[in-house]
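There are 2 protein chains.
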Amino acid sequence: MALIVQKYGGTSVGSVARIKAVAEQVAALRAQGHGVAVVVSAMGDSTDRLVDLAREISPTPAPREYDALLATGEMVSIALVAMALEARGCPARSYNGLQLPVTTTDVHGKARIKSIDATRLQADIAAGVVPVLAGFQGRSPAGDVTTIGRGGSDTTAVALAVALHADECQILTDVDGVYTTDPRMVPSARRLDRVSFEEMLELAGQGSRVLHLRSVEFAAKYGVNLRVLSSFKPGPGTLIAKEDPNVEAPVVAGIAFNRDEAEINVTDVPDEPGVAWRILQPISAASIEIDMIVVNAPREGRVDFSFTVHRDDYARALELARAAGAQFAGAGVAGNQTVAKLAIVGSGMRTQAGVATRLFETLAREQINVRLVSTSEIKISVLVAERDLERGVRALHEAYGLSRAPA
Amino acid sequence: MALIVQKYGGTSVGSVARIKAVAEQVAALRAQGHGVAVVVSAMGDSTDRLVDLAREISPTPAPREYDALLATGEMVSIALVAMALEARGCPARSYNGLQLPVTTTDVHGKARIKSIDATRLQADIAAGVVPVLAGFQGRSPAGDVTTIGRGGSDTTAVALAVALHADECQILTDVDGVYTTDPRMVPSARRLDRVSFEEMLELAGQGSRVLHLRSVEFAAKYGVNLRVLSSFKPGPGTLIAKEDPNVEAPVVAGIAFNRDEAEINVTDVPDEPGVAWRILQPISAASIEIDMIVVNAPREGRVDFSFTVHRDDYARALELARAAGAQFAGAGVAGNQTVAKLAIVGSGMRTQAGVATRLFETLAREQINVRLVSTSEIKISVLVAERDLERGVRALHEAYGLSRAPA
Chain A
1066 MALIVQKYGG TSVGSVARIK AVAEQVAALR AQGHGVAVVV SAMGDSTDRL VDLAREISPT
1126 PAPREYDALL ATGEMVSIAL VAMALEARGC PARSYNGLQL PVTTTDVHGK ARIKSIDATR
1186 LQADIAAGVV PVLAGFQGRS PAGDVTTIGR GGSDTTAVAL AVALHADECQ ILTDVDGVYT
1246 TDPRMVPSAR RLDRVSFEEM LELAGQGSRV LHLRSVEFAA KYGVNLRVLS SFKPGPGTLI
1306 AKEDPNVEAP VVAGIAFNRD EAEINVTDVP DEPGVAWRIL QPISAASIEI DMIVVNAPRE
1366 GRVDFSFTVH RDDYARALEL ARAAGAQFAG AGVAGNQTVA KLAIVGSGMR TQAGVATRLF
1426 ETLAREQINV RLVSTSEIKI SVLVAERDLE RGVRALHEAY GLSRAPA
Chain B
1066 MALIVQKYGG TSVGSVARIK AVAEQVAALR AQGHGVAVVV SAMGDSTDRL VDLAREISPT
1126 PAPREYDALL ATGEMVSIAL VAMALEARGC PARSYNGLQL PVTTTDVHGK ARIKSIDATR
1186 LQADIAAGVV PVLAGFQGRS PAGDVTTIGR GGSDTTAVAL AVALHADECQ ILTDVDGVYT
1246 TDPRMVPSAR RLDRVSFEEM LELAGQGSRV LHLRSVEFAA KYGVNLRVLS SFKPGPGTLI
1306 AKEDPNVEAP VVAGIAFNRD EAEINVTDVP DEPGVAWRIL QPISAASIEI DMIVVNAPRE
1366 GRVDFSFTVH RDDYARALEL ARAAGAQFAG AGVAGNQTVA KLAIVGSGMR TQAGVATRLF
1426 ETLAREQINV RLVSTSEIKI SVLVAERDLE RGVRALHEAY GLSRAPA
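Chains A and B, in that order, give the protein sequences.
Letter 131 of the first sequence, counting from 1, is numbered 1196 in the numbering used here, and no numbers are missing.
Letter 204 of the second sequence, counting from 1, is numbered 1269 in the numbering used here, and no numbers are missing.
It cannot be assumed that every hint is accurate.
It does not matter which identical chain is used: a pair holds within one copy or between any two.
Here are the simulated lysine to aspartate or glutamate pairs, EDC-like style, with alpha carbons at most 20 Å apart [as the list claims (entries may be wrong)]:
1) Lys1307 / Glu1455
2) Lys1085 / Glu1121
3) Lys1085 / Asp1117
4) Lys1286 / Glu1313
Worth flagging that the hints you see were computed from the coordinates, not collected in a lab.
Chain A extracted, bound-state conformation:
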């Protein structure tokens, strides 16, 4: 008998019919002899409706009250899921964030979970009762309602798995697992049976939005086995876990991409200490996040400087870069919004040579110009023209043999 935490997202509990289907799945798992605890999100678009109500009251609603308002969405769904379980003879009890409590920091809208008091839940599970916990919310040390940011129910589920020492934390969603790349772009994309936390973080951070990033970090930190599953059709999903030392890691596990990038180039600046700081500091000071940063090797005492920002921040960042560039006689500032980033991700890169070579060979054969490159231990990211993105992802998916199941 295993102890399993299951998290159902908003789509999975989006209607009465869906809630009944969730109850059926949970009851079936419990009938197999497993201990089950459930975390649920708010029904479908109910959070959006609450957000609209708040905006009608005030364009800048008081953060404490905004949290108290949004948290009601999950409170509705936990009661309905517990009701549906009880209605089919499976004992259940709902708990909102104030009740156990789920203790968080007191930063409204972006609180972090500090601990979950699992005493009542353990007693419930021991007695065959399924606890149904509200995701996304908690209680500040002062006793106020807090929320941990949108998508945060995944994090609640992982925190609950930690508190219960669960064997597995299953994230039930509208996709049936983590794929080698987005199947809408590459029809031969394949569901991965298993990825490591590090791979998942790189895949998620690069745009494969299956799981909330923070929940993966949290799971990695505490070594919680995560599994992404579809709540609509049966299947094994994808296990996200520590790297298995007995299994050779795939060289490339998947390909991530991101169309939200914009590139800024500050060219022909003096190669002196502090130059990078003088260019980037005003951008960071404006709370604009900088993603890739590349500086070429100096030539005659001058360097070129390139970086990327989110496309929404492009205009403001370009303006700030122009002001910074004006400090350096002869420097030029240019930008480009029609770029995209793609990245190959795989734990096997740590030990395998030739991975980068194949990347550049493949892109060259496709006549795709690589504008910027950045690398980490298990990832190589390249910036390309947006029109080349889809062709590049497909070619790389083929080149690394991702359409075929591993031997």
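Position chain B against the provided structure of chain A, taking the given hints into account.
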């Protein structure tokens, strides 16, 4: 500076516009230098929508989860009201039933408030902050969400006034006070400036549904001054308080009526000990509430026995009465659904003679047959044919001079 608890019902917070209007009223009261705490109900028909959701899940939803679900309605409105107050520069904080907590018994759906921990609220008020408390809900000793029954927000407001030692508990609603009788029936009906708790209980219990009965009992028990006011138009409303010993109580304060009655007559039964019990016991055992009970004086060792029940219970009660009547040879059982009850209520009846005489004189003049009579210290109730009700109420309203303001 007074400390005032204000309670706004569902109609008063039924829309964003209404919530903003409530915030304006509360802020105005606070700007006058008063300490203010607010209790709110769920927005308009939001509780009905939650009830519908629950019924879709199960015709008999688990009581614990049903309470957890319904309580979210008030949690939405307190956050919005507090937001609206903050938006207009009036510091405010919402509190749901779990937070203070509002401790109740653990009878789901019908819990009773045991205490309200007002520590945080007192600190808020001292700091110029308006606490906004969710009505209708609380926390059981085990930490579960409870509700205190529909209409229970009035009771929450009174309990809060007790906990805060407030000077007045104002119930803001869609009527501007307690009237001598229903103005829809008698256009000359007059708003009362003041009624005693006892009078209010008799008026409310007889059908003047302005306030939840339990809240009046609660206020009477703790001597809380209640005031019924309109949240839509300004005015002094009606103060419901202890009888003022310095003011002569009106002989008749108001006229209540009730169309939900049905009459059952068990005639010609032996005048023996235990007969009443044998007739009424099966009816009580079926959880049917009996209202008026009248037994006439025995004649030749036989008596007639009449009582009234709610019209919804009529068919079942008649059946039970027939079964009970069959025990007594020669007894007859009959019933009548087209009856109504009217009652004159007034603390002055205690000391004034001739009140009943005028009642019967007036009804006789109107050719209205009195079927049953029952009396209490401050009330005389009569059962009449339903077709005579309206004429009777109007004639009595005139006969006791209720259209004219007291001298």
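Next item on the list: Taking the numbered hints from earlier one at a time, note which ones the structure violates and give those numbers from smallest to largest.
Entry: Hint check: 1 and 4 fail, others pass.
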